[in-house]
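Asks: Model the placement of chain B on the given structure of chain A, informed by the hints.
Residue numbers (this note's numbering), protein chains in the order written: chain A, 1 to 283; chain B, 1 to 283.
Warning: the hint list may mix true and false statements.
A pair holds if it fits inside one copy or across any two, identical chains being indistinguishable in the list.
Calculated pairs, EDC-like style, for lysine to aspartate or glutamate (alpha carbon to alpha carbon, straight line, at most 16 Å) [as the list claims (entries may be wrong)]:
no., residue 1, residue 2
1, Lys203, Asp270
2, Lys3, Glu44
3, Lys105, Asp133
4, Lys277, Asp210
5, Lys200, Glu55
6, Lys200, Asp270
7, Lys203, Asp193
8, Lys203, Glu52
9, Lys200, Asp272
10, Lys200, Asp78
11, Lys68, Asp263
12, Lys188, Asp78
13, Lys104, Glu122
14, Lys203, Glu55
15, Lys203, Asp272
16, Lys68, Glu55
17, Lys56, Asp199
Honestly, the hints are just simulated from the structure, not real lab data. Predicted model, so just to flag it, every value in this text is computed and none were measured.
2 protein chains.
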Amino acid sequence: MAKTWKTEPTEQLRVGEGFRLADVDPASTPGFTGGKQYGVQSLESGAEQLSELQEKLFADSRAGGGTKRVLLVLQAMDTAGKGGIVRHVVGAVDPQGIDHYAFKKPTEEELAHDFLWRIRRELPGVGMIGVFDRSHYEDVLVAKVRSLVSPDVIEQRYGEIVAFEEELAASGTTLVKVMLHISFDEQKARLADRLARPDKFWKYNPGDIDERNLWADYQDAYEVALQRTSTESAPWFVVPADRKWYARVAVQRLLTNALRGLDLGWPPADFDVAVEKTRLAAS
Amino acid sequence: MAKTWKTEPTEQLRVGEGFRLADVDPASTPGFTGGKQYGVQSLESGAEQLSELQEKLFADSRAGGGTKRVLLVLQAMDTAGKGGIVRHVVGAVDPQGIDHYAFKKPTEEELAHDFLWRIRRELPGVGMIGVFDRSHYEDVLVAKVRSLVSPDVIEQRYGEIVAFEEELAASGTTLVKVMLHISFDEQKARLADRLARPDKFWKYNPGDIDERNLWADYQDAYEVALQRTSTESAPWFVVPADRKWYARVAVQRLLTNALRGLDLGWPPADFDVAVEKTRLAAS
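Chain A with its partners taken away, still in its complex shape:
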């Protein structure tokens, strides 16, 4: 296959110094060399590579002493396509290697603990690719927009998140933090589609409009959260998401690059191959 990326999304989409969310066009396809048809093809052909890397990650954990794991964090406004990423990118990988968790509104028990308590409980095991559909970032997004806690607490949480993620990175977790960035107009179209199709009603929630009416506040909260928590060891990537095919192929590439960076090989036998061949022959 021809070269698909003229700039790697790992560089191109990364949140760095002076980041402004408004500078990212949700309809753009930064770094990708082709259009939709090529994107769909590229997603398909990239699945095999991602799948093989995942198997090596899993194998690595079985060799004993392995500590490597990956955590994909997905954040977005409603309808931005988190579910599609899980289905079409993560879904191409062996389910045995995936720890998927969708965080909902916190329960009373969860609220009785520190905000990271429920997050820690769902961290992926060694050798796994964890996927968080929403995450601890809700605690500096909805919590801020809805004033669920004081500004001081929000301020403090940015620091706690950075420290938490540094701890994860130091103990073997590669974080891939993705914000799917959709436009206000595209969200309207997608919500309209859900309201037009009886097979989509179950995905619609009247509360989605309440959140939509706070759009600007959410964009602000995202911008600050991304600025404050995009670090060397746990960077954020803002993925334009008005074009579903682009968002999927970009997240696939981000994950693939993260796994490639782990330099995985098949672990050597931790038994004597010749001895085992003899035992098998005699059985």
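Replies: Relative to chain A, chain B alone:
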């Protein structure tokens, strides 16, 4: 597509009165009308249907009051292909709708509880398809063959399992219990393959040969367990597994039939569609 099954595996492979494991030929392909090529095609074309049924099951749980869920229990001797079933059958479905859990040798904490304690903790949520790679049946299989508990305790456990599964069925869980049935010779070939390929070493465990050397005891333990726990509400299916393509297409069909039996439709809107359209337009 032409008719693929002359007899449904739900009937053909079911463990009923007078079941004897030795009567099932692991190399056979009961009920299926074609060979490997057709089987592979059929698996592919069946994936979409299974996937759509899963989405309906998931949607059903969001409507409020839903209790339906499915639990696929996979049991087998080593190398029989549990992993392949998860990857190629379950893997075709949205990961968001799958609760997969692989039971290992019990931990000390687990052993300090009743044998069903750890099982209950991993039961699928409403709307989910749970997949158990090994299960509470290990507690009447390895536990029996290795005399980890007394024969009286094993005897008691059959009854406890039947009662447990009846409780699950009564509260909305459709159980699909599958034993993948492989031959002694085929296992030898598959273990030899793992020992011949450095990219497969990580899947090999010297303990596999120890278990293999107890083959007849395991076959006996399986036969009794299946006889004692195949009930109306939670039947066992013995799937011949020497031909991987057959095992996969058969388990796909068992799952599909189980989901079909739930008579799922898209849940109606639990909001006023016209009102929401107006709210959206004004947003």
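Asks: State whether the alpha carbon distance between lysine 203 and aspartate 193 is at most 16 Å within one copy, between copies, both, or neither.
Replies: Classified as within: same-chain Cα gap 11 Å, cross-chain 46 Å, threshold 16 Å.
Asks: When no copy is named, should lysine 200 and aspartate 270 be tagged within, between, both, or neither for a Cα gap of at most 16 Å?
Replies: Answer is between: at 12 Å across copies they meet the 16 Å cutoff, but 51 Å inside does not.
Asks: For lysine 105 and aspartate 133, with the copy left unspecified, which applies at a CA distance of at most 16 Å: within, between, both, or neither?
Replies: within (12 Å within a copy, 30 Å between copies)
Asks: Is it within, between, both or neither when you check lysine 203 against glutamate 55 at 16 Å Cα-Cα?
Replies: Answer is between: at 11 Å across copies they meet the 16 Å cutoff, but 33 Å inside does not.
Asks: For the identical chains here, do lysine 68 and aspartate 263 meet the 16 Å Cα criterion within one copy, between copies, both, or neither?
Replies: Intra 11 Å, inter 43 Å, cutoff 16 Å: intra-copy only.
Asks: Within a copy, between copies, both or neither: where do lysine 277 and aspartate 210 come within 16 Å Cα-Cα?
Replies: between (65 Å within a copy, 13 Å between copies)
Asks: One pair to classify: lysine 188 and aspartate 78, alpha carbons no more than 16 Å apart. Within, between, both, or neither?
Replies: within (10 Å within a copy, 52 Å between copies)
Asks: At 16 Å max between alpha carbons, let me know whether lysine 3 reaches glutamate 44 within a copy, between copies, both or neither.
Replies: The answer is within: 15 Å in one copy meets 16 Å, while 29 Å across copies does not.
Asks: For lysine 200 vs aspartate 78, is the C-alpha pair at or below 16 Å within one copy, between two copies, both, or neither?
Replies: Classified as within: same-chain Cα gap 14 Å, cross-chain 42 Å, threshold 16 Å.
Asks: When Cα atoms must be at most 16 Å apart, do lysine 203 and aspartate 272 count as within-copy, between-copy, both, or neither?
Replies: Answer is between; shortest inter-copy Cα gap is 14 Å, intra-copy 54 Å.
Asks: Could you place lysine 200 and aspartate 272 in one of the four classes (within, between, both, neither) given a Cα distance threshold of 16 Å?
Replies: between (56 Å within a copy, 14 Å between copies)
Asks: Measure nothing new, just compare the shortest in-copy and cross-copy C-alpha distances for lysine 200 and glutamate 55 to 16 Å and report within, between, both or neither.
Replies: Close across copies (11 Å), not inside one copy (34 Å); limit 16 Å.
In summary, this structure violates none of the numbered hints.
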